[in-house]
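Sequence order for the protein chains is Y and V.
So the first sequence is residues 1 to 327, counted in the numbering used here.
So the second sequence is residues 1 to 215, counted in the numbering used here.
Any given hint could turn out to be false.
Claimed, not checked - Straight-line alpha carbon distances no greater than 27 Å define the calculated BS3-like cross-link-like pairs of lysine-lysine that follow:
#1 Y:K34 <-> V:K108
#2 V:K17 <-> Y:K142
#3 V:K43 <-> Y:K142
#4 Y:K72 <-> Y:K3
#5 V:K50 <-> Y:K112
Calculated directly from the structure, the hints in this document are not laboratory data.
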Amino acid sequence: MPKSVQYKANSIVYFKGDMNENIYLLKSGKVVLKYNDIETGEEINDIIQMGEFFSVKSSLGKYPKEETALVKQDAEVLLFTAPEFEQVAMSNTRIIMKMLRVFSNQLRRIHKQVSNLLVMGKQENPETGLFGIGEYYLKHNKLIQSLYTFRRYLTYYPSGDFAAKAADNILTIETRLQSSGGAAGGTSEAKPAGGEGGGGPSDAAKVYYNGISLFSQQKFTEALSEFRKILQTSPDPEYQAKAFFEVGRCFFSLNDFDKTITHYTGMIQKFPKHPDLLEALFYVGSAYEKKKETDKAKNFYSKILSLSEESSPVHRKAERALKGLEG
Amino acid sequence: MALDLSMFGRFAKTFRKNEIIFCEYEPGDTFYLIQTGRVQIVKIMNEIEKIIDILQPGEIFGEMAILEEAPRSASAIAQDDVKALEFNRENFEVLMQGNPQIALKLLKLFTKRIFDQKRRFLILTLEDVQARVADVFLMLTETQGTSLANTEQMVFNTTVDDVAHWAGMPPEACRKVLNHFVTQRRLDIYPDRIEVKNINDFARFVSSRRKHQVS
Chain Y
1 MPKSVQYKAN SIVYFKGDMN ENIYLLKSGK VVLKYNDIET GEEINDIIQM
51 GEFFSVKSSL GKYPKEETAL VKQDAEVLLF TAPEFEQVAM SNTRIIMKML
101 RVFSNQLRRI HKQVSNLLVM GKQENPETGL FGIGEYYLKH NKLIQSLYTF
151 RRYLTYYPSG DFAAKAADNI LTIETRLQSS GGAAGGTSEA KPAGGEGGGG
201 PSDAAKVYYN GISLFSQQKF TEALSEFRKI LQTSPDPEYQ AKAFFEVGRC
251 FFSLNDFDKT ITHYTGMIQK FPKHPDLLEA LFYVGSAYEK KKETDKAKNF
301 YSKILSLSEE SSPVHRKAER ALKGLEG
Chain V
1 MALDLSMFGR FAKTFRKNEI IFCEYEPGDT FYLIQTGRVQ IVKIMNEIEK
51 IIDILQPGEI FGEMAILEEA PRSASAIAQD DVKALEFNRE NFEVLMQGNP
101 QIALKLLKLF TKRIFDQKRR FLILTLEDVQ ARVADVFLML TETQGTSLAN
151 TEQMVFNTTV DDVAHWAGMP PEACRKVLNH FVTQRRLDIY PDRIEVKNIN
201 DFARFVSSRR KHQVS
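In isolation and in its complexed conformation, chain V is listed as follows (with noise of 0.2 Å):
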């Protein structure tokens, strides 16, 4: 155990709060466990600084610098003192190896991942831009954990930006898109929060216009 140890004060890091761990756009190498205090995800979208996340201590981030020193999709900043093992390519073997607990909730995160993105590719593969917003709307259906069949106004604290982030639109695109939603009476947007009338109308349309393209 006093090997173990050791060997992870070797990779402890400190952050003082409001420190930024990494950047958006930096290229990126390193990966972290947090140990102590909370670490804030965010991503600055047209001018404001937005808040994709707030991961607690035992959890991951910036694990997809394992797969290639790409630049980093949003920053890390500390929210409070923040002290985390920073892991790289050539010691994440040896410490997985040591620490299955470690290498288990990495594959777990990595099963997300690989499935959101997979979902994010099938929004991106509709070719109506209408029902390429729909799927959008559709998918934040499936991650809040909502069946379809039991609902049919929901309820999106999401903006139009996030809408057009998801859809792969220039926001002004998606915008039009939303606004004709809105004249024919499918959805409200308000400042903080987008209704959609009937989730389930959306599916039915999303799906004919698949098996469309398909056929």
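The following block holds chain Y by itself, in its conformation from the complex (with noise of 0.2 Å):
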């Protein structure tokens, strides 16, 4: 049970660097909590709300406290030990999502100070650090970390500075792991499609890839005439798919806005349960964008809404479309 524990003005609650896991809480009378600013050296004083509890993160982080607390008007404060505040703040979730948020507030801050520091030094751009990353478990040899990075790598930055590099080094990883079979136990995605022998889905993989560089080359024609090869003649499903959704990114990249809008529809009704539907969904509301039918458009991203998951990119990229429109 906390303690109710009546403190005296002038009187102090706990030093800067007292080390116990009291939290307290104040009932009445005034507390502030002095300290300096970690960036200018000049004083602060923190005044305690009513009912606000104080010297949480020192004492759940059991670091020694950071300021002291000194008692400004006659007070009265519970005192909790750590496993009693632990219990209060479960049974009640919105102190502890409140604390949640002045925590993530103050952490965001101090990141921002430190990385402020840091600038000076040196700081890698996201995407050359990730394609260096690939890069690096290629050279060891550990391929499906490879392969996992630099398709990412392609998600992410599909006409970025490395993306054909990318896509080429995708495209060894893969044969090196078809060629060791069972080694590539890793990932599903990272299977060797087919495996019946032969150079057949290898072949589709190279040729996909190459398409992928293409396009990320924005040489959109070609990357089209690549994609159809796979439709054409490659018996991999696997590759099939892929390379009919990139047929129609082609088809988008090119503005040709009514081929990729039939395209798409077909797509629906041949691969029904396709990874990129909604992708695919989202691309044929941006063709009717394009054409300024915003009706069309419209209906295709409220679709895309109902059918995905709120915290899907593309629910948020429908969102973001919808609002444009209705902006």
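Make one complex out of these two single chains by using the hints.
Structure follows, in structure tokens:
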């Protein structure tokens, strides 16, 4: 049970540097927390509100108190031990949520302050950094990790500086994974398609990544012809589906919006379980938007909203697009 | 209860052994609570893959994503087959409200992060590079939970690159400072560890430089 403690004006609840796991709640009176600003060194006095907890961070984190708590007017304070506080907080999540918000703001602030100081040092740009990690893993023969990284790279930077190289590397890794057979057992995606021997499936992969590479260099017509090759010749269902999706992206990038719409409408029928189906719907919506057929565009964006989870990127994209049309 | 479980099921993800959960520099908007299996947090520094931490079931990682979609500062790789719950900013509040234990865990993690970052900030604000490097050892002593009063010699399982990282200095510059300390017989550098002869001497040195800076 928390204890009630009375403090006289000008007394101290705790000093900066004290080590204990007490947490306090101000019931009445006036208490201020005195400390020096970490950046400017200036002395700060934070007034505790009635009903507010203090000394939570140092107590939960088990580190010395960061400020001195000085009583300004006679005060009544409830003293909790750390386990007592946890019990109260667990039965009232609002307390934790509120503190999470406060702490995450503080964390954000201190993070910024630290990174401001580090800016003078080296700071890798994320695109180069991500690609570099893929290269590192490739060099050290960690193929599954390397494959993941290059694929992520292409997802985030489809026309990035290293997109062509990343696509090449993916192809190399897939071939190597395929020839090493069982060693590939990492992700299901890393598994070579087909596997009934012969060069068939890997040919499809080669053409596919060549297409991706061309696309990333904005050579859309050339890319289109690569993806079409797969549709016409490859027996591999995985690359058939992948290439089908990419063909639509090529049409869109070539500003051929009618073809984009027909193509993706066909995809919905041909591959009703395609993993990129919602993305395809988004392209259809965007194509209508480009054609200034706003109502149809809105229909497709709304459909995405109803079919996707709120947290998914395509949901957010559709939401933004809808707002753009309505705003 | 049934509702809770079904809610959780939707957020459960599985990762095969060695699979990357997320990669350093990737934009991040999700964080994870490990249910089964272990997760390695690794960072590639100067062409060496370094394991920063190995996390156990019940632990949270990637939590900085709740704050902002900044690039990931390290990679998370499944050390075993891993099952984890994946959260993001949108579902986070709902999940926290239904699961105060997770919320409390996260709260504690934040207090630790804030403290670590503040400590790091204090190191970085030292203008004198020697003091900055010395202060890294003081910070490492604190995180080992050793009280300064009881010890003189301290052994740190750390490398020059690590120290450079904490001090926010290029590794060459940091090595120069460390070598200077070696010639002063204040520390010894080994391939796998650094030994500080008298950590209290470092504490006095840093504190005097800090005071000097303020005045």
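Here's how the hints hold up against the structure:
1. Y:K34 <-> V:K108: Distance of about 23 Å is within 27 Å: holds.
2. V:K17 <-> Y:K142: holds, 13 Å
3. V:K43 <-> Y:K142: holds, 15 Å
4. Y:K72 <-> Y:K3: With a Cα-Cα distance of about 21 Å, the restraint between K72 (chain Y) and K3 (chain Y) holds, given a limit of 27 Å.
5. V:K50 <-> Y:K112: With a Cα-Cα distance of about 25 Å, the restraint between K50 (chain V) and K112 (chain Y) holds, given a limit of 27 Å.
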